[in-house]
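A.B. asks: Chain by chain, the residues run as shown.
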Amino acid sequence: MPLAIDEDRLSETFAALASTTRRAILARLAEGSATVNELAEPFDMQLPAISKHIKVLERAGLVVRGRHAQYRPCALDPTPLEAISIWAEQYRQVWETSFDRMDDYLTQLRSPRRTDDDDG
Amino acid sequence: MADNNAPQDAVVIERSFDAPVELVWQMWTDPDHFAAWYGPDGASVPVAKMDVRVGGTRLVCMEVQAPNGPMQMWFTGEYREVRENKRLVYTESICDEHGNVAPPSDPTEIRVELHDLDGRTRMVMTHVGIPSDSPGATGWTMALDKLATHLAALP
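So the protein sequences, as listed, match chains R and H. FYI, numbering that gives the first Met the number 0 numbers position 62 of the first sequence as 61, with every residue one higher than the one before it. FYI, numbering that gives the first Met the number 0 numbers position 76 of the second sequence as 75, with every residue one higher than the one before it.
FYI, nobody ran anything at the bench for these hints, they're computed from the structure. Being a predicted model, the structure only gives us computed values, none of them experimental. Do not rely on the hints blindly, as some may be mistaken.
Said to hold, decoys possible - Estimated spans, in silico, between C-beta atoms of each pair: (1) R/Glu81 <-> H/Pro66: 23 to 29 Å; (2) H/Asp115 <-> R/Asp99: 41 to 47 Å; (3) H/Glu80 <-> R/Ala26: 26 to 32 Å; (4) R/Pro41 <-> H/Ile12: 46 to 52 Å.
As the list claims (entries may be wrong) - A few chain H residues that don't get close to chain R, going by computed Cβ distances all over 10 Å: (5) Asp17; (6) Leu22; (7) Ala35; (8) Asp40; (9) Arg52; (10) Glu77; (11) Gly98; (12) Val100; (13) Glu112; (14) Arg121.
Stated by the list, open to error - One-sided and incomplete, this derived list gives chain H residues near chain R with beta-carbon spacing under 7 Å: (15) Ile12; (16) Phe16; (17) Ala18; (18) Val20; (19) Met26; (20) Trp27; (21) Tyr37; (22) Pro39; (23) Arg119.
We put the beta carbon where it would ideally sit given N, CA and C, even for glycine.
Next up, chain R with everything else stripped away, as it sits in the complex (with noise of 0.2 Å):
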């Protein structure tokens, strides 16, 4: 089982992600990368605040930021976003094996008086 996930660094995605705003910056990153002023132009906001979510999101790994002194484009990076499918991958499978035991147990109640009838 894939149990290697760094806690904090999960919550840290999860707090990144819990922004509209946020969101809508990685989907427009998911087409390509783009400069701040590239990425401020669909919101009403001021450079600043963009580039407030651009940090979050790069500390919580999902944007990296090229060299280039003047634009530094942002790019997306979905490591992070692996970790939270493995996550919801671990939340499915509690999931499942509880309704492997809804299975039995429905089974069990319906054949209270039945003995191996169809068992041979």
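Place chain H on chain R using the hints.
C.D. replies: Just chain H now, kept in the frame of chain R:
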């Protein structure tokens, strides 16, 4: 990406059971039945309180055997939709044994839909919104990590 139903934010599971919808409905709404199946192998549900009506609350304790003794996890929530034998929607947050949720909290939502297939039941369960605020996420992550460890340790 802002869509709540994006696969990344939800777990959807579909199952069919050889039981009538009335009975599968009870699996979710009758505390004794719920306690019999909820949780991974080896888990037990020592407490299940359910006030199954819109606005009613629920409080559930799940106990798993961790390497250093039993570990309890408490969940609370509110029923949002109750359509008998058809659809049940409730919220869920990690809480303490008194049902207090550590703020700020962002509950997840569980939706259960039942379809009658001539005496059998098709069930679609959707668990929406992996908690996106960090305290909630931390709680869940820890809980699930321990659970997963526990599961991995089973023979």
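A.B. asks: For each hint, tell me whether it holds in the structure or not.
C.D. replies: Quick rundown of the hints versus the structure:
Taken as a hint, the range 23 to 29 Å holds for the pair R/Glu81 and H/Pro66, whose Cβ atoms sit roughly 28 Å apart. A hinted range of 41 to 47 Å is violated for the C-beta pair H/Asp115 and R/Asp99, which are about 22 Å apart. One distance hint, 26 to 32 Å for the beta-carbon pair H/Glu80 and R/Ala26, holds here, with the actual separation near 30 Å. About 36 Å separates the C-beta atoms of R/Pro41 and H/Ile12, a value inconsistent with the hinted range of 46 to 52 Å.
Not every C-beta of chain R lies more than 10 Å from that of H/Asp17, the closest at about 7 Å, which undercuts listing it as non-interface. The beta carbon of H/Leu22 sits about 7 Å from the closest Cβ of chain R, which is not more than 10 Å, so the claim that it is off the interface is violated. At roughly 5 Å from the closest C-beta of chain R, the C-beta of H/Ala35 falls inside 10 Å, breaking its exclusion from the interface. A beta-carbon of chain R comes within 10 Å of the beta-carbon of H/Asp40; the shortest separation is about 6 Å.
Every C-beta of chain R lies more than 10 Å from that of H/Arg52, the closest at about 23 Å, which supports listing it as non-interface. Listed as a non-interface residue, H/Glu77 keeps its Cβ farther than 10 Å from every Cβ of chain R; the least gap is roughly 20 Å. For H/Gly98, the non-interface assignment is confirmed: its Cβ lies about 21 Å from the closest Cβ of chain R, beyond the 10 Å cut-off. No beta-carbon of chain R comes within 10 Å of the beta-carbon of H/Val100; the shortest separation is about 17 Å.
The Cβ of H/Glu112 lies farther than 10 Å from every Cβ of chain R, with a closest approach of about 14 Å, so its non-interface assignment holds. Annotated as non-interface, H/Arg121 keeps its C-beta farther than 10 Å from every C-beta of chain R; the closest such distance is 12 Å. Taking 7 Å as the C-beta contact cut-off toward chain R, the hint placing H/Ile12 at the interface holds, the least distance being around 5 Å. Taken as an interface hint, H/Phe16 checks out: its beta carbon lies about 6 Å from the nearest beta carbon of chain R, inside 7 Å.
A hinted interface residue such as H/Ala18 counts as satisfied when its beta carbon comes closer than 7 Å to some beta carbon of chain R; here the least separation is about 4 Å, so the hint holds. This hint is violated: H/Val20 has a C-beta 12 Å from the nearest C-beta of chain R, more than the 7 Å allowed. For H/Met26, the interface hint holds, the least distance from its beta-carbon to any beta-carbon of chain R being 6 Å, beneath 7 Å. Here the hint on H/Trp27 is broken, as its CB sits about 9 Å from the closest CB of chain R, past 7 Å.
With a least beta-carbon distance of about 6 Å to chain R, the hint placing H/Tyr37 at the interface is held under the 7 Å criterion. Because the closest C-beta pair between H/Pro39 and chain R is about 5 Å apart, less than 7 Å, the hint holds. Interface restraint check: H/Arg119 against chain R, minimum CB-CB distance 11 Å, threshold 7 Å, status violated.
When each numbered hint is compared with the structure, violations occur for hints 2, 4, 5, 6, 7, 8, 18, 20, 23.
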